[in-house]
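**Q** Single-letter residue listing:
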Amino acid sequence: MSRRKKIGREYLLRILSLCLSVSKKGVDPFEVEVKKILNSISRYLSEWELPEDFKLDIETLSQLSSIVELQARWIKNLSSSLYVDPLLIELKIKMLSSEQLKTVFAKCWHPIVEMQQLVPKRVKEAIDYWNLLPPTEERWPKLEDQKINGVDQTTFEELKKQGLIAEATFEDSIKEMWEKLKSKGDEVSFWEFIRSDSYEEAAKRAYLTSFLVTYGYATMKIDSLKEQVYLIPFKEQQRKTNRRQGVSIPLSIAKTELNKVREA
Amino acid sequence: MSTPSYTNKMKKAVQMLFFRRHRQPGVKGWELKRSLGRDYMKVIQILNNRLRDIGMKVKTVYEDQTNREKPTREQLEKARFFVTVSDPSAIDTLSGWRVDDIAALTAAVAYINSKQGKAPRKEVEKLLKEKLPNWRVEKTLNMYIRRGYLDEDEDKILFLGWRSRAEIDQKLLSTLLLKQPTE
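Chains as they are written, first to last, in our numbering: chain A, 119 to 382; chain B, 26 to 208.
None of these hints come from the bench; they were simulated from the model.
Just so you know, these numbers come straight off a predicted model, no measurement behind them.
Any given hint could be a false lead.
In the DSSO-like style, the derived pairs of lysine-lysine whose C-alpha atoms are separated by at most 27 Å in a straight line are [claimed, not checked]: (1) B:Lys-164 <-> A:Lys-154; (2) A:Lys-123 <-> A:Lys-143; (3) A:Lys-242 <-> B:Lys-164; (4) A:Lys-225 <-> B:Lys-36.
Listed below are several chain B residues computed to face chain A (Cβ distance under 7 Å; list not exhaustive) [said to hold, decoys possible]: (5) Lys-36; (6) Val-39; (7) Ser-139; (8) Asp-194.
Backbone N, C-alpha and C define an ideal beta-carbon position, used for all residues, glycine too.
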């Protein structure tokens with residue numbers, strides 16, 4: 119790869135990252151000098167040969183267009199009556215006492231009005247439910263009284279032998295899997311990752327892997343064309359938010375599938 | 026204007042708007058349309074006139090977080106409708122909130138609003154830490170997120186939540202803040 123091409127790619131990646139950061143963090147979109155960047159991008163255009171390069175070029179242009187849209191919205195907001203200089207607001211907040219801030223809030227707070235009411239139909243449903251509910255003694259049979267002859271101390275080893283405590287906690291197991299996944303690279307095939315000599319171990323690995331994704335230690339990428347599933351580990355656990363709805367991806371880990379992977 | 030048909034529809038609208046049907050209060054436009062018919066906005070208008078006399082109003086919060094003069098049919102169907110108190114001066118107490126909590130909420134909402142609706146959590150925390158102890162700032166911000174006043178994304182950027190958009194007059198908040206005399 120020529121040096122110029124390499125520099126061009128790095129430039130596009132840098133611009134992409136800048137655009138994404140500006141749109142996410144809500145900073146002034148005019149910090150992105152769109153015209154200057156477009157000129158620079160056009161200079162690298164003749165270097166591109168591979169589809170990946172063109173894809174990167176298109177993606178950068180698309181992000182730049184989003185920045186132009188943000189700039190338009192920014193100007194619209196500045197010219198609207200809603201606009202107040204953030205610095206002025208910050209200064210004012212710092213100078214006002216809690217009591218003054220409370221007074222301001224009280225003048226512009228319109229709380230939602232809600233009511234609660236029990237209707238006769240619901241009361242009847244509750245009575246019926248109560249009448250049909252078996253006594254707790256029937257629902258949760260009492261444990262047989264055990265005679266306690268004496269209280270003695272035990273050790274962790276003894277508890278492990280009796281199967282009362284596990285060798286490692288579930289969280290430890292997940293973290294161990296996370297470390298393994300991170301050590302395998304940036305993008306690891308799901309089937310490769312859970313591959314094991316025994317079916318039981320592979321199933322256990324798949325089970326723990328599902329929690330890696332659910333708890334935000336890694337994410338999944340599905341290549342529908344190649345019918346491949348990849349795991350991408352995160353360097354840090356990602357916090358869950360309620361803005362994005364998670365998607366469940368069912369994966370069958372039948373013995374035949376695992377055998378295919380083992381034989382491959 | 027309120028014929029028997031509209032009176033019945035208005036009663037139905039009152040039930041829908043006052044009694045919570047979902048985890049969040051309020052009703053979506055399409056739900057009102059399904060129960061009240063195509064002219065549901067006319068019913069809401071009549072109800073609004075009645076509510077005004079007792080210090081309440083129907084507040085419409087649009088999905089794209091903007092205030093609209095002339096919303097389209099689709100925007101109305103996707104919007105959420107709430108009943109709110111129209112005159113804040115009629116409220117004697119602030120529902121048992123601590124003064125600190127209200128002050129911090131006012132600061133956070135005003136700051137995020139001035140930053141075009143979103144600001145990094147760290148910036149908001151820094152602002153609040155000027156007046157609140159560190160441990161309290163995190164706890165308070167999490168409380169606002171739980172109650173729907175603020176919203177946070179995976180990049181730790183804070184936005185105004187659905188409750189702020191329904192309950193707080195943001196324009197008035199900024200104006201009053203700037204007008205407040207400093208000590």
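**Q** Taking the hints in turn, state whether each one holds.
**A** Hint-by-hint comparison with the structure:
no.: 1; hint: B:Lys-164 <-> A:Lys-154; verdict: violated, 44 Å
no.: 2; hint: A:Lys-123 <-> A:Lys-143; verdict: violated, 30 Å
no.: 3; hint: A:Lys-242 <-> B:Lys-164; verdict: violated, 41 Å
no.: 4; hint: A:Lys-225 <-> B:Lys-36; verdict: violated, 30 Å
no.: 5; hint: Lys-36; verdict: violated, 14 Å
no.: 6; hint: Val-39; verdict: violated, 10 Å
no.: 7; hint: Ser-139; verdict: holds, 4 Å
no.: 8; hint: Asp-194; verdict: holds, 4 Å
This entry does not satisfy hints 1, 2, 3, 4, 5, 6, going by the numbered hints stated previously.
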